[in-house]
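Trainee: What follows is each chain in one-letter form.
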Amino acid sequence: MNHLFSGTLLHCYQAFGLTIDSELPCPELLPGEGAADVTIRYGVVPDNLDSTQYQGVCFQVNSKAFLLKLDNLAKYLVTAGEQIIIERAPGVQDSEVRLFLLGSAMGALLQQRGLLPLHGCAVEVKHEAVVFVGHSGSGKSTLACVLRQRGYRILADDVSVISFSAVKAPFVNSAYPQLKLGADILRLLGEDSDGLPLVKAGLNKFGIPLLEEGFVKTPIPLKRVYELRISNSQDLEITPLEGMDKLAIIIGHTYRPQFLTGKAEKNRHFEQCGQTARHCQASRLVRPNSCRLEELVDRVEEDWT
Amino acid sequence: MNQAIGLHNTIQRADDLVSCDLDGETALMSAVNGKYYGLNPVGSRIWSLLEQARLVADICAFLRQEFKVGSSQCQHDVLFFLNELARDNLVKVVDEPVA
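Residue numbers (this note's numbering), protein chains in the order written: chain B, 1 to 305; chain W, 1001 to 1099.
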């Protein structure tokens, strides 16, 4: 349901378990309704924050706000986990503004809301969530795409947001129904890239929309986390992780950990990672560079049954 | 340089630490240096005893009731462990009597 807010048309969406009103159209998100948790507006964004706690190459953090500055693209001011103000440079396409809005700016907002965003995709297996974390290029989206082809429903492609129930059990919230894949992978998987939107001009990556039956909209309990790694060895190995090793992959694959700068935020993050590790199983999945995808997914399915 | 911790010292956990239990191990994070630490099951037991200020000799006595270990071995291992924790400021000496 879209509505007018002080003369401006706001589009209403749902994503990451939140209802979002946005002045910038975001067609990759599902339509939402009801009172907004988050408002995204255009406005004037300052070049610097007051009493900055931390300053990165293109971002600043203080106790209340997060500022992302991308030259010749846009500035994003994220405040109190409720509002994102965007000031865009002239001539920039919506898709480019959205790429960083739904990535880093949203990552900062989720952290401000006290959620735990993990850098990984999530799929539903028997009414529970399995999350595959890994560094960029480790094959998260590719794996999600193959699992989707095998009939599993997807919760998230790149950022899996963990929230906690009253008894502190971790749940995975659905992100938005899109997988981002390169043209070469799409060809390999027998998917057609004709007519798909480019994620960013000049970046050979396409957004594959997920159909309603292929996407989970509600939060489901987190069952298991796999860390994806690529090695030079010949063998595909799945190694169960316990204790500190399990905690280490949750901490190590938190999305945008450099945005967590305050002491209270760091402590909360550590406690949430501990809660998550306590409640889920975890394994490390090491695959050779030239691994056949079907074989990889066969092994993963074998592992979780 | 602080003095090494001995059996006669009373120690407790330092401030600014967060800990969580994981499959019988304990993970610690120090807000002071931003580092993470993992304690094995025996280390975790010592850590749980340190929830309150305790005499190091008492910690050894507790452990000898719970684990099959000789007195001198126990003292040696506990002192080694506690001095490692102290080196990274995870525990502090509080020799003044705690009411």
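I should point out that these hints are in silico values taken from the structure, not numbers from a laboratory.
A portion of the hints provided could be inaccurate.
Said to hold, decoys possible - Taking lysine-lysine and the BS3-like style, the derived pairs with C-alpha atoms no more than 25 Å apart in a straight line are:
| id | chain 1 | residue 1 | chain 2 | residue 2 |
| --- | --- | --- | --- | --- |
| 1 | B | Lys168 | B | Lys69 |
| 2 | B | Lys200 | B | Lys69 |
| 3 | W | Lys1068 | B | Lys263 |
| 4 | B | Lys266 | W | Lys1068 |
| 5 | B | Lys168 | B | Lys205 |
| 6 | W | Lys1092 | W | Lys1035 |
| 7 | B | Lys168 | W | Lys1068 |
| 8 | B | Lys69 | B | Lys205 |
| 9 | W | Lys1035 | B | Lys266 |
| 10 | B | Lys168 | B | Lys200 |
| 11 | B | Lys126 | B | Lys223 |
| 12 | B | Lys64 | B | Lys200 |
Trainee: Evaluate each hint against the coordinates.
Mentor: Hints and how they fare:
no.	hint	result
1	B:Lys168 - B:Lys69	35 Å, violated
2	B:Lys200 - B:Lys69	18 Å, holds
3	W:Lys1068 - B:Lys263	40 Å, violated
4	B:Lys266 - W:Lys1068	38 Å, violated
5	B:Lys168 - B:Lys205	37 Å, violated
6	W:Lys1092 - W:Lys1035	17 Å, holds
7	B:Lys168 - W:Lys1068	36 Å, violated
8	B:Lys69 - B:Lys205	23 Å, holds
9	W:Lys1035 - B:Lys266	11 Å, holds
10	B:Lys168 - B:Lys200	38 Å, violated
11	B:Lys126 - B:Lys223	10 Å, holds
12	B:Lys64 - B:Lys200	30 Å, violated
Taken one by one, the earlier hints fail for this structure at numbers 1, 3, 4, 5, 7, 10 and 12, listed in ascending order.
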